[in-house]
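Engineer: Working from the sequences, and respecting the hints, build out all of it.
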Amino acid sequence: GQSLEQPSEVTAVEGAIVQINCTYQTSGFYGLSWYQQHDGGAPTFLSYNALDGLEETGRFSSFLSRSDSYGYLLLQELQMKDSASYFCAGGGDDKIIFGKGTRLHILP
Amino acid sequence: SQTIHQWPATLVQPVGSPLSLECTVEGTSNPNLYWYRQAAGRGLQLLFYSVGIGQISSEVPQNLSASRPQDRQFILSSKKLLLSDSGFYLCAWSLLAGGSGTDTQYFGPGTRLTVL
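If you read the sequences in order, they're chains E and D.
Going by the numbering used here, the letters in the first sequence line up with residues 3 to 110, in that order.
Going by the numbering used here, the letters in the second sequence line up with residues 21 to 136, in that order.
Hints should not be assumed to be uniformly reliable.
Said to hold, decoys possible - Not the full set, but computed from the structure, chain D residues with beta-carbon under 10 Å of chain E: (1) P34; (2) E46; (3) Y54.
Stated by the list, open to error - Every beta carbon over 12 Å from chain E, so not counted as near; a handful from chain D, in silico: (4) Q26; (5) V32; (6) E79; (7) Q93; (8) L102.
FYI, nobody ran anything at the bench for these hints, they're computed from the structure.
Every residue, glycine too, gets a C-beta built ideally from N, C-alpha and C.
Structural biologist: Here it is, written out as structure tokens:
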């Protein structure tokens, strides 16, 4: 079957660093994506890892290890506006599968 | 640039009434199109996807149906709504450009449906 597992909630302090992990089992896997969703809004694309290693985009980085079926999203210099749900997603062919999402709480 | 539209933004419907939600994409051709439903505080459930006009794949058996009458138009319908159909409905598109092209999805603003 196809599934992606991620923690349901993570809490961190403003200005700190937080890592959100994702493990997966998907057939025909092409890569791992990350999406951000604020309350009441639609998910927005953050990053995509097709190859093993670290991809950096500003304060956000994403990592993939195909041999471990594992990836993570790293958020640095946390800001209150980063409070949101984060979804990992993977798959291939015509569709992708989303994890159930990690709710990130940021404390001042 | 590409944009995706969904309407209406919010909808309140009685149980047993019909439903029609529309999604259109601008600025791209032959996109993959998707309908998702998200219950409050939950993940994204894929309902239907389409790789071309008239081609619909259903992921979850239910009282919903989807149609793609034009290349950039995707419609979600129901003949009789159930209470359990309440949720946040999201349309998304992705490029059909080999396997990696399906891994980036762009979402519309969503329709919040409440069935009473």
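Engineer: All hints, please: hold or fail.
Structural biologist: Evaluation of the provided hints:
1. Look at D:P34: its Cβ only gets to about 24 Å from chain E, farther than 10 Å, so that hint breaks.
2. Using the Cβ-Cβ criterion of 10 Å, the hint placing D:E46 at the interface with chain E is not satisfied: the shortest such distance is roughly 16 Å.
3. The interface hint given for D:Y54 is met, as the beta carbon of that residue sits about 7 Å from the closest beta carbon of chain E, less than 10 Å.
4. The beta carbon of D:Q26 sits about 9 Å from the closest Cβ of chain E, which is not more than 12 Å, so the claim that it is off the interface is violated.
5. Residue placement check: D:V32 keeps its beta carbon more than 12 Å from all beta carbons of chain E (closest about 16 Å).
6. Here D:E79 does not stay apart from chain E, with its beta-carbon only about 8 Å from theirs, under the 12 Å limit.
7. Annotated as non-interface, D:Q93 keeps its C-beta farther than 12 Å from every C-beta of chain E; the closest such distance is 18 Å.
8. Listed as outside the interface, D:L102 is consistent with that label: its C-beta sits roughly 23 Å from the nearest C-beta of chain E, beyond the 12 Å cut-off.
In summary, the structure is inconsistent with hints 1, 2, 4 and 6 from the numbered list given earlier, while agreeing with the others.
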